[in-house]
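Number of protein chains: 2
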Amino acid sequence: MSELNGAQALIRTLVGAGVDVCFGNPGTSEMHFVAALDSVPQMRGVLGLYEGVVTGAADGYARIAGKPAATLLHLGPGMVNGLANMHNARRAFTPMVNVIGDHATYHKQYDAPLESDIEPLSEWTRGWTRRAKHPADVGADAAAAVAAAQDPPGRPANLILPADVSWGEGGQVADPVPPRSRKPVGDDVIAQVAEVLASGEPAALLIGGPACGPDGLRAASRIAVGTGAKAFVETFPARLERGAGLPNIERLGYLAEQVQYQLTGIKHLIVAGTDAPVSFFAYPGKPSDLVPEGATVHVLADREHDVIAALAALADRSAPDAEPQLAEANRPALPSGDLTPQNWVEVVGALLPEGAIISDESNTSGVLLPMATAGAPQHTVLTLTGGAIGQGLPVSTGSAVAAPDRPVLNLQADGSAMYTISALWTQARENLDVTTVILNNAAYAILRMEMQRTGADLSGPAAKALLDLSRPTMDFTKIAEGMGVPASRATTCEEFAEALRRAFDEPGPHLIDAIVPPLL
Amino acid sequence: MSELNGAQALIRTLVGAGVDVCFGNPGTSEMHFVAALDSVPQMRGVLGLYEGVVTGAADGYARIAGKPAATLLHLGPGMVNGLANMHNARRAFTPMVNVIGDHATYHKQYDAPLESDIEPLSEWTRGWTRRAKHPADVGADAAAAVAAAQDPPGRPANLILPADVSWGEGGQVADPVPPRSRKPVGDDVIAQVAEVLASGEPAALLIGGPACGPDGLRAASRIAVGTGAKAFVETFPARLERGAGLPNIERLGYLAEQVQYQLTGIKHLIVAGTDAPVSFFAYPGKPSDLVPEGATVHVLADREHDVIAALAALADRSAPDAEPQLAEANRPALPSGDLTPQNWVEVVGALLPEGAIISDESNTSGVLLPMATAGAPQHTVLTLTGGAIGQGLPVSTGSAVAAPDRPVLNLQADGSAMYTISALWTQARENLDVTTVILNNAAYAILRMEMQRTGADLSGPAAKALLDLSRPTMDFTKIAEGMGVPASRATTCEEFAEALRRAFDEPGPHLIDAIVPPLL
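Taken in order, these protein sequences are the chains called A and B.
For the first sequence, our numbering assigns the number 1 to the initial residue and increments by one for each residue that follows.
For the second sequence, our numbering assigns the number 521 to the initial residue and increments by one for each residue that follows.
Pulled out of the complex, with its shape left as it was, chain A reads as follows:
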């Protein structure tokens, strides 16, 4: 019999498998897990004041660290609070090990107030699920969870931990289980796609997933240069590398109309590491499938394939002599005057530091950002993969934990910010180098845009009130200061530039409440 309890064996196994950060919001049923943290100092516990912060931070951490973090959640009601950002993580194919505490095995029958079924929630995440049964097995359960989280393409692994399995004696540490490798793409598939490209018919290449890193981007650019195919990055990449010295491949638009324009005349759509494009929402009388009529979709690599190798092989075959087209170093000039949706992105483009990580939930306010930052120093962009708002602040928090030496810039729409605003407190506690820019337009501006597209008449006062965030307009500087984050307000380009420079210069978190009128 070992001298470890279940929680200690679990945490030691996680650390042995490389999972050494745990974002958590514990309750009574997790007290032995919390206590066990002190017996395994290699595990760093990070407190979030809300589970949506916890799961979003784990997503941001893994996107940057390239390995999963753990989360600690309190029973079903704690888990539900974390589900929206697990949805985003699912759509980002982010590996994540969620430890969900549950009542002691013998206590569940009593239907105590916090009792609920956890398995259906776990299934909702489309993740891996296991309920730990015995302290002696929980190490092996944890090792399996870490592997399952990382099996391509990546997913939430949900390990339900009853309190008595956590506190029970006889815990056994398990060896790491290596995750599966990505499947290689067969030569025949590469040859077929190469033939399509050689046909001379208009073609587009759409890349996603790991192909949005430097190697995938370079291969895609070579293909585009060498064959004349258009190249696009998926609309919401989990992690996209950008900036001077890297290919600047256009992202597919959010609006169906944009995508239809981008793919005009295409006869072949080659997808690599992502799926063929569909409309984000349905609109009366408009198509949901955004592949142009008559065009054929060719799958070079699906989500589980080694898409980078496949793109490189395709480039070698279809465009052996082509060099990738790289963005030149080129920053916009600092603009002046009142902030607008057009000029605030130029301030960012002018000042973005080398190696920055951008957590982008700027929504409508950020449509012009990609142009303004294309020639900035190399940086990483993390986007809102699943559309569940409230991701930007937690993702920036987790990415700063993963990369303490990189400046993190969170571009955050005001309405979405309120979903997980307490991430600011975690940034203050952990002294994370995150600069949050609130794009404060005092509206759910994206819905004002969408109303027109759905054909709904939202001109009445009741409807308008539900899309309006004024009365009162939020003062994010006070909200941030209330959570220990220094903050300032900017209404002009000059003020914004000064605040941004100061935020980048000083360590620790900052918030800038940027008053930017709505795009529309």
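FYI, nobody ran anything at the bench for these hints, they're computed from the structure.
The calculated DSBU-like cross-link candidates involving lysine-lysine, where the alpha carbons are at most 30 Å apart (straight line), are:
#1 B:K787 to B:K750
#2 A:K67 to A:K133
#3 A:K133 to B:K806
#4 A:K108 to B:K984
#5 A:K67 to B:K984
#6 A:K183 to A:K67
#7 B:K628 to A:K230
#8 A:K286 to B:K653
#9 A:K183 to A:K230
#10 A:K286 to A:K267
#11 A:K133 to B:K984
#12 B:K653 to A:K464
#13 B:K628 to A:K464
#14 B:K628 to A:K267
#15 B:K984 to A:K478
#16 A:K108 to B:K750
#17 A:K183 to A:K267
#18 B:K984 to B:K806
#19 B:K787 to A:K108
#20 A:K464 to B:K998
#21 B:K587 to A:K464
#22 A:K286 to B:K628
#23 B:K998 to A:K478
#24 B:K806 to A:K108
#25 A:K464 to A:K478
#26 A:K108 to B:K703
#27 A:K183 to B:K628
Here are the simulated distance ranges between beta carbons:
#28 B:R700 to A:R303: 45 to 51 Å
#29 A:E123 to B:R1021: 48 to 54 Å
#30 B:R1021 to A:P284: 51 to 57 Å
#31 A:R303 to B:S990: 39 to 45 Å
#32 B:G538 to A:Q342: 47 to 53 Å
#33 B:D925 to A:K108: 41 to 47 Å
#34 A:E169 to B:R1021: 53 to 59 Å
A short, non-exhaustive set of chain A residues, derived as facing chain B with CB atoms under 10 Å:
#35 G24
#36 F33
#37 L121
#38 D164
#39 F281
#40 Y444
Backbone N, C-alpha and C fix where the C-beta goes; we use that ideal spot for every residue, glycine too.
We have chain A; now place chain B onto it with these hints.
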């Protein structure tokens, strides 16, 4: 063919069935529902900046109004954000009609980023579920939902509304469907319980649900006075009436040890409108079932029964001549000096206005509240029924919408406040007369207490950090002001009394950040 679309028929049906408040946080798929609000001005739309605010407000509204509100939620990811407070509503047996927008029927197959399964989430609430299929039927669906929500004992009714059913033409308004009545308790049951009471063996009566109103309390008090049985109110009543002129029946404790003390020597436990007590959590070596060994449980009325009539009949039979024991008007004197867990409740007891509604999520800070307010003017207490923290602010918000003429006092633990803090913004927008008192002890104090009870050793720095809310300590005055709610800080009884008086005197929302050290 009617000239209404599905959304218009739905809203008109809701209003016809008496549901005329809709708390919502819409997205693109709900735009036609939002637009339809202007065609049915009897429906009041109230915006929440987070779904946990929306569902918690609907819970508070129904507890006070005695009828359901509707909520409007955006797809699965919007619904998950509202689930924790739906869990609390489920445990309160609160009627609630949730309209959950979904992608258009033909769009779901495309697995767009926000796509998810909604039915499993709905089942998790243990509520009623229906997916609307056609604009012509959605009125009838809505009428069925309102009835299902109110069928005893009450529950969330979840109506999934695809966007094309919402925008499609041919909507038909449906007549209200009357909910079922509560089942009468048979005379035989009353006679059996009366016999138990007449046996002379030590007995206790535990009441819950609607029995926590004036009539149930009076009947329970008569039974206790006339038979010598002890009487208790369930630990977390959804709505409890209290104060001078009403019986002051002791609540069963939160801690298993308290309950064991309260029920010492009992041979018969009579439950009426609630369940026999169980421990909130499991603790190593301690019982989960809190009925004393050897005692017999007698069910006078379950959750679906007419518990008030049953108690009255039992009182008439067992204690025909007994008068209820009513609390006398008696307020504590205003204390002075630094705030403590002992004295802040006396300030509340001294100043609580007639007819106040208390939304109580004070957790450990509020253990002495019932004593201090027993002789205050009559008031209503709403408690954290399901244990999912983050309920107090939304419930106070919804109860103020339901009772604009009653002062609402939200006693709110600091850690829990951060879950749904944006409820303050809704209070500001709607100019609701809510006074929020943050019991700011800069800690998850309840977990510090629980750690000892679970036997976990949380003395190490890593564990301590996860229970500590200082570094930085939150400044709730700034957070409130950032959302448009006037705020002040109180560290002494004098400051607290002054702030509380001012908040009660002035209309609209206020927040008091009361610095109260932890109880333990």
